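> Now for the letters of each chain:
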Amino acid sequence: MADPIVPPSPTAPAVPDVPEVPTGPYVYDYAASPQRQIVMPKTVPLPSYRTYVAEQKAAAEADEAKWKKMQADFELAKTKAEAEGKDAPKPPVRPVPRKDDNDLKTPWPLEAQDADLLRLQECLGAKVEEIFEQAGELTCQLEKGSILEALRLCRQDVQLNYEMLADQTATHYPAATGFAFSVVYHLTSISRRKRLRLRILVPEGFTPESACAIYPGANWMEREIFDMLGIRFANHPDMTRILCPEDWEGYPLRKDYPVVGLGQRDISFREDRGGMIERIALQKAGQLGINLKVPKAD
Amino acid sequence: MTLDSIALSRQQLDGDKMIINLGPSHPTTHGTLRIVLELEGETITKSTPEIGYLHRGVEKLGESLSYQQFSPLTDRLNYCSSIMNNVGYACAVEKLLGIEIPKRAQQIRVLMSELARIADHIVCVGVNAVDVGAFTAFLYLFKQRETAYDLFELATGQRLHTSFTRIGGLFRDIPEGFVPICERFLVECEAAVDECERLLTHNPIWHDRTKGIGAISPEDAINWGYTGPCLRAAGVPQDLRKAQPYLGYETYDFDIPIGTTGDVFDRYLVRIEEMRQSLRIVRQVLDRLEPGPVNVDDPKVALPSKEKVYTRMESLIHHFKLIMHGIEMPVGEIYSATEAANGELGFYLVSDGGKNPYRIRVRPPCLPIFSSFHDQVKGCLIADAVAVLGAMNIIAGELDR
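Same order as they appear, the protein sequences are chains B and E.
Each residue of the first sequence is one higher than the last, beginning at 1 in the numbering used here.
Each residue of the second sequence is one higher than the last, beginning at 1001 in the numbering used here.
In short, the hints are calculated from the structure, not lab data.
Only a predicted model underlies this, so the values are computations on that prediction, with no experimental measurement involved.
A virtual CB, placed ideally from N, CA and C, is assigned to each residue, including glycine.
Watch out, some of these pointers could steer you wrong.
Which residues of chain B face chain E? A few of them, derived with a C-beta cut under 8 Å, are [claimed, not checked]:
1. Pro45
2. Gln134
3. Arg193
4. Tyr215
In the BS3-like style, the derived pairs of lysine-lysine whose C-alpha atoms are separated by at most 27 Å in a straight line are [to be verified]:
5. Lys1103(E) - Lys194(B)
6. Lys194(B) - Lys1355(E)
7. Lys1355(E) - Lys255(B)
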């Protein structure tokens, strides 16, 4: 048992010079927490018909080159074997790609066939960077400065007539070169029962035009994008944080922002790694004469 | 929200305007949100909603969880009808994977979604009535809500946070005693809805408090991004179950009720009628419920049954692979919208082919609706603001995520 506390004698110094630093195995180092470590993504998962076609072509070319090399190797081995008077080696067999009926048939980008996408390309010309369809969704990637023009066209053109901005959001792509974020607009046409996705790629520090003038509903969504990713929108009526407090530091949805740690209250007993809390509880219970230990059946 | 919106300092600046904080903890906010009202007499001249008190960082958390692990977080979005969030999220991931779930799973999803829609509308209508002073309707309806939650408990094991769906199907099939209880619920709920209508629809006090309050034109509603009952009350027949059918909704026979003025009374009427239509759909589902599996027969997506895991090597490997490495996702982005009780619940997923999603964006139905709050209550009285807030059905859980 601990010694009873002795009251300090009047001659002893009342306060020790150096404050005691709490040390011990139970102090959890939050900075070193594995959940606080940031793993930056290495790829840019931005679907695009052009890159898809390029990838497919590169894969086919690599396959062809491999096959050519196998044939060349075979010819070489054959002539060598003939020269040495040995048996000819077996001719190579071109490997057939494994086809399994159970494999998932995931949707990949297809060439744009839809009239809306073609109409957008026709009206905006070179400002449209790319159009494609994937999983029945229409996507149009635009030059970053012309988003307002495109939105106005979608809203007012009789053939397009996208009345509602269903959603507006952004994604951080730190691994990309030339841009850092994609801002995505999901438009809905109620009268024509169609959906369209407009996408712009913006670098760090670029301020896209706000869509508030055309779709008032964009107001809070743009504030949320600013709050979460730090993209400011030009000509927005109230570009302030919406979900986080106004003095919040950093932009939570960026990939360099840790999931755990920032802004979290550091509570020392969150993790009782060394069993300290249990020991203290047992000690306190012992002082009070309570038996916390559950008796075990023999 | 800037610091100068703090009530006291502004009140000191101009003496004739009174500034009132509605919330963050107020009985009518049903959650935690703050509205700074600027009053002249009792008339609202300006209202500044402040949200974010319930911000949990769901989208950020989703980036560190696997696709299946995100499902419980969707429960906490609209906690009044969590099954619809589960269904919406599962539909989004299945769209990204390009798979179709079995018929029985689709039907059970529709069944549970419609029950959840009824429960959600009961909360909205009942609580709206309580907020404007009619307490009785709330009690009549909440008995039915209790039964609906009992049905959820029977099927999923949980009342509120159901986590019922799995990617590629459901957590489990509905139990044996479910269908008879559900059939009894249909009869009782229909009677309770009629009773509620008798209490409210022709009640002159209810008319005085709700008619003409929060009226909105169809154009404005569309511009603000209204969806769900609030949009239909304004007179736009837009329902994703009809416009872009999912889960076989095109095979069910139901109507879309629409209002004319979009005020609180019309929203109430639309919700009441939607409950009846949901009951119709539930009845049709019960009639056509066909036997079969409730999960896709694909070991790369759905977990094999426990029996197989314990007896077959292959299934054990599939189980291990799915739990440890997750589903093999294609690289891509998808936006999937379903008709939740409040409106369009959208999930925007970006996948980089890894175990965890690269980005999850939840499009809550509340956010665009609530962003028009200032336009809705300008020139109204404080008591009207409370009625509008109730009819918008603001759920802070999905508003703040």
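> Confirm or reject each hint.
Status of each hint after checking the structure:
1. Pro45: At about 4 Å, which falls below the 8 Å cut-off, the nearest Cβ of chain E leaves the hint on Pro45(B) intact, so it holds.
2. Gln134: 6 Å, holds
3. Arg193: Given a least distance of 5 Å, the restraint on Arg193(B) holds.
4. Tyr215: Where the cut-off is 8 Å and the nearest Cβ of chain E is about 6 Å from Tyr215(B), the hint holds.
5. Lys1103(E) - Lys194(B): Status holds; Cα separation ~26 Å.
6. Lys194(B) - Lys1355(E): Distance ~31 Å between Lys194(B) and Lys1355(E) Cα, so the pair is violated.
7. Lys1355(E) - Lys255(B): 16 Å, holds
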